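Protein sequences appear in the order of chains A and B. Residue numbers for the first sequence follow our numbering, so the first one is 1 and each next one is one higher. Residue numbers for the second sequence follow our numbering, so the first one is 1 and each next one is one higher.
It is worth saying that the hints were derived from the structure and are not from the lab. Incorrect hints may appear among the rest.
As the list claims (entries may be wrong) - From the structure, some residues in chain A lie toward chain B, with a derived Cβ separation under 10 Å:
{"hint": "1", "residue": "D21"}
{"hint": "2", "residue": "R41"}
{"hint": "3", "residue": "D56"}
{"hint": "4", "residue": "L60"}
{"hint": "5", "residue": "A121"}
{"hint": "6", "residue": "G122"}
{"hint": "7", "residue": "K126"}
{"hint": "8", "residue": "A273"}
{"hint": "9", "residue": "A277"}
{"hint": "10", "residue": "S280"}
{"hint": "11", "residue": "L281"}
Unchecked claim - Ranges of calculated distance between the beta carbons of each label pair, as one might list FRET restraints:
{"hint": "12", "chain 1": "B", "residue 1": "T168", "chain 2": "A", "residue 2": "V65", "range": "24 to 34 Å"}
{"hint": "13", "chain 1": "B", "residue 1": "T168", "chain 2": "A", "residue 2": "G231", "range": "50 to 60 Å"}
{"hint": "14", "chain 1": "A", "residue 1": "A227", "chain 2": "B", "residue 2": "F47", "range": "35 to 45 Å"}
{"hint": "15", "chain 1": "B", "residue 1": "D160", "chain 2": "A", "residue 2": "A273", "range": "40 to 50 Å"}
{"hint": "16", "chain 1": "B", "residue 1": "P201", "chain 2": "A", "residue 2": "A276", "range": "42 to 52 Å"}
{"hint": "17", "chain 1": "B", "residue 1": "A147", "chain 2": "A", "residue 2": "R234", "range": "50 to 60 Å"}
{"hint": "18", "chain 1": "A", "residue 1": "E59", "chain 2": "B", "residue 2": "E288", "range": "51 to 61 Å"}
{"hint": "19", "chain 1": "B", "residue 1": "A265", "chain 2": "A", "residue 2": "T201", "range": "46 to 56 Å"}
Quantities reported herein were computed from a predicted structural model and do not represent experimental measurements. Quick reminder that beta carbons are idealized off the backbone N, C-alpha and C, glycines included.
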Amino acid sequence: MSGAPAAPQPGSAEPTVAADDLQLLLIPPRPRTGWRVLTTRVIAMCVVELQKLRHDRTELYTRAVQPALWLLVFGETFTRIKAIPTGGTPYIDYLAPGIIAQSAMFIAIFYGIMIIWERDAGILTKLLVTPTPRAALIAGKAFAAGVKALLQAVVVILIAALLGVAMTWNPLRLLGVAVAVILGSAFFSCLSMTIAGIVLTRDRLMGIGQAITMPLFFASNALYPVAVMPGWLRAISTFNPLSYQVDALRGLLLGTPSHLLLDYAVLVAAAAAGIAAASSLLGRLAR
Amino acid sequence: MTREDPGRTVPPTGPEAPPDTAPGGGPAPPRAPEGDALSCHGLRYAFGETRAVDGVDLAVRPGEVFGLLGPNGAGKTTAIRCITTLLPVPAGMVRVFGHDAARERMAVRRLLGYVPQQLSADAGLTGRENVALFARVFDVPRRERAARVDQALRAVHLTDAANRLAKTYSGGMIRRLELAQALVSAPRLLMLDEPTIGLDPIARTSVWEHINAVRAATGMTVLVTTHYMDEAEQYCDRVALMHRGRIRALGTPAELRSALRTRWARAASGDSAPSPLPTTPAPSSDAEPTLEDVFRDVAGTGLDEQSGDFRDVRSTRRTAARVG
Ligand SMILES: Nc1ncnc2c1ncn2[C@@H]1O[C@H](COP(=O)(O)OP(=O)(O)O)[C@@H](O)[C@H]1O
Ligand SMILES: [Mg+2]
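Take these sequences, add in the hints, and give me the full structure.
Right, here's the structure in full:
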């Protein structure tokens, strides 16, 4: 038995398409080459991300709850206690860039789970059969994560401003903030896509994702300065790109002393390494 | 089981399809690989111990609708994934319009339109956005993107639903949307993996009719896999019957059926030249064999005896769940 027979077809219902109506579908588009391939793929992925956000913004709002609580409860309380040496800045101000970086990281870490979901749904499979080099596909996903994280950062910055955090509104500095957020998110999304390429299943990745996000957050200067950390934690923080992202955000938004050049160098290098690692493992997800 | 129209022996072909093959049955004669839309020679692929594809030879001619038939687990999807460059080609040779799938991946991908077995449209995007994404990643220039996306949507009759989110689509509409996604880059070879799996009979007919209409209008070559023998019989110019990773028979449905009829007649007349295959006895001497019978004859088993493994059941369920 070869299954239910296809329904009898009424001969007149045959969908017809006039050939001149499909002219363009006969002409293959001219291939782009070199860097243009990378940029068009990155733009394509970012456009998809924006389109999805336009259709459904709930995630943007629900994900704003946690950072709001951090700032409101943790920030306000510790500002009053004055337990953390921040060099004169109110603690809530000191905390705000850390929370921006944290919420961006949480979004980016989710990307590995999304790529596995897209693999299971056949979406990734189909993209892998397009003339898109794997590195370009991963770079596209990484910057799409950056775009989404950036929108989240805007929400958090607005919340912080409402809570009275005194931040800069200098457009050049804000541009620097945007770049730091995008680069950091690119790294963290690649980190999780790399782990996705290793563990291959959503359940395992979800566990690992939860297991690493808080340690990454605590082992950084997001909540407290490196100076007050015990030696071992300070060592970890040195290798944590989140620390460099927070340092840059703090320097730009609050004007506190920072190491912008080093921060950006580390973020660029981390993002590039992440893209390389994740794209080398992407083939495992295709099998 | 389908009783086919006894009067129809020539499969329906589009206006631009090549003239039908010479009668005689059996595999296509060897040709220059450049002349074929797709050629596979000695293609093998194993998942660990499982030899999913175990030495496949086939040639798909430009402009034809070629059906790769076989039960779940026969290796159809694995073969397709090797051809589409999703899997490497560890042994053998795959060429798409003369381009080596192992070494010229980008060139091959530009020639392919691929619709995988699962329903794979992005539910969080509208129909139009789903198609536009593929226009972008296939380098369609901005100035002709909208027009091209419109044409692809019109070809599958989704213009009216184009601005709705794909998650509101029925299973058949998603399949048509995927067809539009594949068409937007003007592929020369359309690869459809079980395009009608999990669809109701009306949606199945509609999907097939759109495949046929597009093929007729564009002259594209179509490689389609299915485990529904009746569909293959009705819509494919030529078919290959696949079982346990190998092609067991290849030809037009009419050729395969008439070859079996001859074997039955010979068996009935007592002319028992020892057959290498266990020829199934004919129910009655004048019965018209179906492709299903041909499959039983060449594979030594019916389709239903070979049930799919767990992976297939799972992915079919997932598809069914998404179709709702
Ligand atoms: N990713 C995989 N890992 C391990 N085994 C697989 C995988 N994909 C397919 N197989 C096995 O390969 C064989 C052929 O599967 P498949 O190509 O999906 O068949 P079909 O598409 O004809 O149903 C089956 O036995 C299946 O279990
Ligand atoms: Mg299959």
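Outcome of the hint check:
1. With its C-beta approaching chain B no nearer than about 6 Å, D21 (chain A) sits inside the 10 Å limit, and its interface hint holds.
2. With a least beta-carbon distance of about 6 Å to chain B, the hint placing R41 (chain A) at the interface is held under the 10 Å criterion.
3. The interface hint given for D56 (chain A) is met, as the beta carbon of that residue sits about 7 Å from the closest beta carbon of chain B, less than 10 Å.
4. Here the hint on L60 (chain A) is broken, as its CB sits about 14 Å from the closest CB of chain B, past 10 Å.
5. Evaluation of the A121 (chain A) hint against chain B yields a held restraint, the C-beta minimum of about 6 Å falling below 10 Å.
6. Among the interface hints, the one on G122 (chain A) holds; its C-beta lies about 3 Å from the nearest C-beta in chain B, closer than the 10 Å criterion.
7. Here the hint on K126 (chain A) is kept, as its CB sits about 5 Å from the closest CB of chain B, short of 10 Å.
8. Hint status for A273 (chain A): violated, given a least beta-carbon distance of 25 Å to chain B, over 10 Å.
9. Violation of the interface hint for A277 (chain A) is found here, the shortest Cβ-Cβ separation to chain B being roughly 20 Å, above the 10 Å cut-off.
10. The closest approach between the C-beta of S280 (chain A) and any C-beta of chain B is roughly 15 Å, which is over the 10 Å cut-off, so the hint fails.
11. Hint on L281 (chain A) is violated. Least Cβ distance to chain B is approximately 15 Å, over the 10 Å limit.
12. T168 (chain B) and V65 (chain A) have their C-beta atoms about 28 Å apart, which keeps the hinted 24 to 34 Å range intact.
13. For T168 (chain B) and G231 (chain A), the hinted distance range of 50 to 60 Å is satisfied, since their beta carbons lie about 57 Å from each other.
14. Against the hinted window of 35 to 45 Å, the Cβ-Cβ separation of A227 (chain A) and F47 (chain B) comes to about 54 Å, which falls outside the hint.
15. Between D160 (chain B) and A273 (chain A), the C-beta spacing of about 47 Å keeps the proposed range 40 to 50 Å intact.
16. Checked against the hint of 42 to 52 Å, the pair P201 (chain B) and A276 (chain A) passes, with Cβ atoms roughly 49 Å apart.
17. Here the CB-CB span from A147 (chain B) to R234 (chain A) is close to 59 Å, well matched to the stated 50 to 60 Å.
18. For the pair E59 (chain A) and E288 (chain B), the supplied restraint of 51 to 61 Å holds, since their beta-carbon distance comes to about 59 Å.
19. At about 54 Å, the beta-carbon gap between A265 (chain B) and T201 (chain A) stays in the expected band of 46 to 56 Å.
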